[in-house]
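Undergrad: This is what each chain is made of:
Protein chains: 2
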Amino acid sequence: MLNAESLNAIFRPRSVAVIGASRREGAIGRVIFEKLLESDFNGPVFPVHPTATYVHSVKAYPSIKAVPDPVDLAVIAVKRDLVLNVVKECAEAGVKGLIVITAGFREVGEEGRKLENEILEVVRAHNMRMVGPNCMGVICTDPQVNLNATFAPAVPRRGHIGFVSQSGALGVTILEHAAKLNLGVSMFISIGNKADVAGNDVLDYWRNDPSVEVILMYLESFGRPQQFIRLAQDISRKKPIIIVKSGRTKSGARAASSHTGALAETDVLYDAMFQQCGIIRADTIEEMFDFAMGLANQPLPRGNRVAIITNAGGPGILAADACENLGLQLPRLSDEVQAKIRKQAAAEASLGNPVDLLAAATEEEFRHALSCVLQSDEVDAAIVIFVPPVVTDPIKVAHSVSRAMEGSDKPVMGCFMGVKGVASSIQELQRRGIPAYEFPESAAKTLRAMVDYAQWRSKTISPPVRFQVDRPAAAEIVEKAIAQKRSRLLDHEAFQMLRAYGFPIAETRIGRNWPEIRDAAREIGYPVVLKLSGEDILHKTELQAVRVNIQDEQALQREFDALYRIFENQTGRSDDVRFLVQEMAAGNREVMLGIHHNPKFGPMIAFGLGGVWVEVFRDVVFRFAPLSAEIAEEMVHSIRGAGILKGVRGEPSVDLPLLIESLQRLSQLALDFPQIRELDINPFIVSPAREHCKIVDVRILLQSATDKNV
Amino acid sequence: MLNAESLNAIFRPRSVAVIGASRREGAIGRVIFEKLLESDFNGPVFPVHPTATYVHSVKAYPSIKAVPDPVDLAVIAVKRDLVLNVVKECAEAGVKGLIVITAGFREVGEEGRKLENEILEVVRAHNMRMVGPNCMGVICTDPQVNLNATFAPAVPRRGHIGFVSQSGALGVTILEHAAKLNLGVSMFISIGNKADVAGNDVLDYWRNDPSVEVILMYLESFGRPQQFIRLAQDISRKKPIIIVKSGRTKSGARAASSHTGALAETDVLYDAMFQQCGIIRADTIEEMFDFAMGLANQPLPRGNRVAIITNAGGPGILAADACENLGLQLPRLSDEVQAKIRKQAAAEASLGNPVDLLAAATEEEFRHALSCVLQSDEVDAAIVIFVPPVVTDPIKVAHSVSRAMEGSDKPVMGCFMGVKGVASSIQELQRRGIPAYEFPESAAKTLRAMVDYAQWRSKTISPPVRFQVDRPAAAEIVEKAIAQKRSRLLDHEAFQMLRAYGFPIAETRIGRNWPEIRDAAREIGYPVVLKLSGEDILHKTELQAVRVNIQDEQALQREFDALYRIFENQTGRSDDVRFLVQEMAAGNREVMLGIHHNPKFGPMIAFGLGGVWVEVFRDVVFRFAPLSAEIAEEMVHSIRGAGILKGVRGEPSVDLPLLIESLQRLSQLALDFPQIRELDINPFIVSPAREHCKIVDVRILLQSATDKNV
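Going down the list, the protein sequences come from chains A and B. Just so it is clear: in the first sequence, position 230 is 229 by numbering that gives the first Met the number 0, and no numbers are missing. Just so it is clear: in the second sequence, position 560 is 559 by numbering that gives the first Met the number 0, and no numbers are missing.
Check each hint, because a few of them may be wrong.
Chain copies aren't distinguished; within one or between two, either way the pair holds.
Heads up, simulated DSBU-like pairs for lysine-lysine below, C-alpha to C-alpha not over 30 Å straight-line [said to hold, decoys possible]:
#1 Lys78 <-> Lys339
#2 Lys238 <-> Lys484
#3 Lys64 <-> Lys87
#4 Lys113 <-> Lys342
#5 Lys342 <-> Lys78
#6 Lys479 <-> Lys599
#7 Lys395 <-> Lys78
#8 Lys458 <-> Lys645
These aren't lab readings, by the way, just hints derived from the structure by calculation.
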């Protein structure tokens with residue numbers, strides 16, 4: 000599907016027609032035509048209008064077919080009901096690319112969706128490409144191109160940021176914001192309804208485009224998440240991708256789907272996806288720009304040690320607080336470095352870190368302190384805070400910061416607080432590529448994002464291991480259940496399935512009556528666990544259908560009687576009862592492992608603390624299959640309750656390598672059997688000794704048919 | 000100590016002298032003198048300079064004593080080493096209030112601290128009051144006063160905000176920011192080193208000052224937290240207090256203490272304190288202003304239901320996301336309300352909530368939709384988002400918003416995105432008292448803070464209950480331990496202490512040898528628990544010194560032997576061993592209750608899940624004693640793991656009223672015995688049945704002497 004070459008007709012056209020360019024000032028087609036001329040597009044722009052003979056002093060044509068020269072790109076801003084016909088004419092005229100500005104398609108309901116699909120058919124049939132409909136256009140600042148086919152009032156300066164937005168209105172805001180922050184943009188694409196060209200196409204186009212070094216995306220939905228993951232994993236290794244994904248929550252999702260017709264999806268999928276692709280997720284548009292300022296212009300930090308240089312105590316403390324809250328280190332500077340800084344600092348200045356040069360600090364003192372810090376090997380990045388006192392000129396301080404950075408490969412963030420006289424120094428810093436923020440917290444957050452991204456980039460991800468398993472045995476179980484139209488595997492089938500894939504299972508026998516149960520317990524050896532089993536028995540804990548630590552036969556009989564009564568109460572029948580007799584697992588900690596297979600996103604693997612804890616604390620981590628060993632290991636360590644597994648109060652760690660391996664085996668199982676819709680291993684009883692780590696319960700649901708058991 | 004009256008000499012003086020006013024332009028004394036004249040201070044301002052006969056064209060005096068008229072306030076901006084003498088002269092001249100701008104005192108070390116103390120002695124001896132040293136002055140915009148005794152470049156307009164800052168540099172920034180946001184300020188006090196006038200004095204002054212309706216504080220330390228709590232609890236009922244407390248984390252605290260000499264304190268104390276006083280904690284200065292914009296001008300919401308009105312889908316989704324993430328509700332508007340809005344909205348507009356009026360929405364459509372929403376009883380607040388399209392004039396939309404709000408008592412937040420043409424409409428909104436933000440997330444956060452504050456204000460807090468307890472018995476135990484210079488109570492003493500205060504304790508006997516233990520177990524009845532006890536045995540879990548669920552005498556003897564060996568290994572001796580034999584508590588869930596008595600802050604009560612969970616998840620809540628029934632109840636419900644206590648998977652709730660009562664009893668114990676430095680009840684085994692709720696372990700440490708056991 001991806002075909003970067005074909006997008007040149009839209010992103011780097013040699014000639015453009017604006018269909019719907021009108022003489023009425025303020026009309027969107029007219030505005031776009033003017034913008035194209037203003038941006039000094041490198042090629043001819045033809046206005047097309049049914050009656051006007053010229054538009055904005057340029058000869059106009061009654062239809063695209065009347066345009067005498069070949070046209071790469073047609074920008075369409077006509078009434079909705081005319082669009083289909085115009086697209087057909089474009090196809091006939093040999094136009095290669097379309098930008099459809101007009102709205103009123105999929106986003107307004109069924110009729111619009113139909114019309115959009117008809118247009119798309121024409122586009123596909125003629126090998127054209129189309130951005131939109133319902134979009135605000137495309138900008139390419141490449142001097143060979145100079146394309147501004149939008150109606151945005153503000154255009155940012157030329158630079159290395161590629162920005163793609165699913166919302167037109169935010170596009171306007173974003174372009175203005177970028178201009179205000181002096182951020183340089185290479186390309187801007189408003190993808191609107193994504194009928195043809197979607198975020199993935201743009202990503203693919205930018206993959207090898209040297210003019211784009213940092214990618215920003217505002218997205219409300221993902222059409223092909225699995226393709227996105229592959230693309231993003233590759234691109235993130237070379238260029239940072241910063242995303243604002245909205246429609247996170249319930250109402251947000253409701254609005255998103257009424258807005259673009261996108262399906263509501265849960266946010267946890269996105270978090271897993273972004274984590275796994277090295278994507279930097281920004282919570283707000285503001286934060287996206289804060290991050291972009293840092294990533295577009297500064298080198299990546301080699302570690303998380305930060306120095307703060309300030310001429311004011313309070314803001315220095317705020318910055319220090321923000322850094323530490325975000326897990327950045329603020330090492331105390333060594334006596335040597337402090338002595339070096341002291342040579343050009345006030346005697347009372349406190350230099351430990353934050354380096355507080357005091358209110359009277361000159362620009363030269365700033366330059367000297369920053370140089371010393373950047374040259375030392377004690378920190379990986381610096382934040383420079385300046386609050387204008389009566390004496391020092393902020394512009395001079397901005398120059399000093401810039402001079403001190405010469406020859407250094409460490410990132411520096413500026414935070415110039417206050418308004419009077421500071422605005423111009425912030426501009427000065429930004430023009431020199433030094434990120435400048437109004438508040439110290441933004442600088443700290445950006446550094447944190449840069450540290451995370453640098454760490455992700457330096458990680459090696461090995462190819463997923465394939466374990467030797469008994470796949471045919473597992474296949475047989477699944478096929479049998481599907482043949483019998485069962486969407487849930489029976490308990491013993493689920494255990495067999497796991498055993499076939501090499502998971503450690505607690506020894507488990509089925510018993511249907513007292514003699515069978517008694518014999519099973521004798522074979523397994525006391526203490527044992529007794530459980531009710533069967534399709535009727537879903538929430539075992541709620542029903543108190545699990546009896547643990549049964550010490551002897553007498554106790555077993557007691558529990559058998561009790562469970563039998565529960566079974567009768569629950570099912571209303573007294574035959575066809577099934578019990579599981581299980582060895583009593585010796586471990587004292589519990590985890591859960593799971594598969595969740597979303598048809599659009601593919602299979603995800605879950606890991607968390609077991610039992611009821613996962614429900615109450617929601618302490619679960621998800622990652623997409625396939626899992627490399629590194630990702631599996633990261634999963635185990637990244638739950639909040641990891642400390643419990645590693646051991647508290649002197650307790651030894653559980654067998655973490657076994658858990659890591661089990662996650663990888665689960666990943667293999669999920670990929671081998673896409674029929675598995677959901678799998679829950681809960682609890683997996685774990686212990687320091689591998690032989691005591693046992694899965695005691697598992698539930699497997701299949702994708703098939705209608706599910707009565709969910 | 001508090002004496003609001005005496006502060007009038009500084010905050011509302013009738014005459015001012017500036018000592019250190021010089022002819023050199025840009026000198027701080029000179030700048031302050033000019034600012035006083037510029038602000039048109041309502042009274043005479045006398046420049047004092049040793050040699051100049053006039054300053055800035057005003058007759059100058061060689062010393063304060065030479066000033067012919069009585070002087071209420073002297074602003075001192077002379078060299079540090081001259082300050083003490085100047086203060087003495089002020090005292091002799093009958094000056095009532097001082098603002099000492101000069102720095103170089105406590106904040107730079109021991110010598111400075113000494114000098115500051117000498118100055119303070121003079122101030123106290125002559126019943127003067129002093130703001131500073133090391134501060135940037137005071138502003139009072141009361142038209143009867145018109146005092147600007149600062150060197151800040153920007154002064155905000157007159158209004159109802161009182162602002163107190165412990166950092167001079169942030170003061171400058173803050174005043175500029177307030178001016179930029181059109182926030183009206185009533186008073187601004189830079190308290191610097193707080194030698195005399197501290198935050199509490201200012202709070203007390205504002206308590207009954209009708210010109211101050213919203214209080215903002217930037218603080219790095221609290222001198223008298225208990226006094227602060229009393230003041231804030233009272234004032235918060237009438238006026239919101241918004242605080243940025245910095246120095247939260249390790250480095251932050253290090254910087255704070257090198258900055259103002261304040262002691263590092265842990266952040267959890269502050270969170271508890273602020274929660275309990277209804278204080279609105281802002282994480283950043285930016286957030287403080289966002290909150291202030293809402294609270295200074297808008298009514299408090301009666302609930303948490305929000306409507307979003309927008310002309311752009313994307314920003315509407317971002318706002319909806321932000322609201323829901325913060326726990327605000329976005330109810331779907333009823334068909335009636337939607338039909339009403341529809342009368343003046345585009346046919347394709349999606350009105351469910353967010354109300355998306357589409358890009359072409361006119362100012363009249365905005366006005367109409369906002370009116371409908373505010374008049375309905377379906378929401379408590381509204382966020383209006385406007386992104387400038389090509390057609391509609393943002394200024395007109397700002398007017399429409401303002402008109403729609405007439406007669407409504409619901410808060411409305413504006414979010415006008417973009418830059419071109421929007422800046423002036425933001426100003427317009429702000430001038431009309433409508434908070435206007437650049438990004439929707441800030442509007443949502445502010446509404447959340449307003450909802451929380453409104454809820455706090457409407458809460459009734461009953462007086463703490465006093466339970467009937469055996470205080471003399473507890474006193475005897477404490478006194479005996481102190482007499483014996485023990486800082487830790489013995490296990491049985493600790494249990495007795497709790498029993499005297501009416502806590503449910505698991506039946507517990509001491510045994511020193513096998514026959515004693517055997518007999519104890521027989522008396523208690525099996526199953527029992529066996530534990531090692533004694534001062535040498537601190538971390539029982541680590542040592543595996545607790546054996547539970549012992550079913551019979553044979554098992555008891557086995558465990559006795561095992562524990563005895565552990566005791567020998569641990570202590571290196573084989574005599575003087577002590578065991579606890581305890582009934583086996585029947586509950587299946589665990590909580591912890593505790594006292595932490597900070598000498599400066601007073602006693603705090605802690606509540607959390609018991610066992611190792613509290614360590615790993617840090618799921619604990621703290622509140623200061625005394626606890627009302629409402630606060631105790633709130634504690635129990637506010638831990639993240641509360642669901643476990645309330646019951647998951649059909650399990651019944653544990654006896655929550657008992658926990659709430661126990662917290663109140665603990666509060667009583669903490670206040671009765673300030674000698675208790677730390678108390679840990681962990682675990683308290685709990686169950687749905689009160690008779691099965693039992694405390695099985697407790698540790699009590701006293702404040703006394705040197706602690707060898709901590």
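Undergrad: Look at each hint and say if it fits the structure.
TA: Verification of the supplied hints:
1. Lys78 <-> Lys339: between (69 Å within a copy, 28 Å between copies)
2. Lys238 <-> Lys484: neither (48 Å within a copy, 66 Å between copies)
3. Lys64 <-> Lys87: Only inside one copy: Lys64 and Lys87 sit 11 Å apart there, 94 Å across copies, limit 30 Å.
4. Lys113 <-> Lys342: Classified as between: cross-chain Cα gap 27 Å, same-chain 74 Å, threshold 30 Å.
5. Lys342 <-> Lys78: For Lys342 and Lys78, only the inter-copy Cα distance (24 Å) is at most 30 Å; the intra-copy one is 71 Å.
6. Lys479 <-> Lys599: Within. Shortest intra-copy distance 26 Å satisfies the 30 Å Cα cut-off; inter-copy 71 Å does not.
7. Lys395 <-> Lys78: Answer is between; shortest inter-copy Cα gap is 27 Å, intra-copy 54 Å.
8. Lys458 <-> Lys645: within (23 Å within a copy, 43 Å between copies)
Going through the hint list in order, the structure does not satisfy hint 2, though it satisfies all others.
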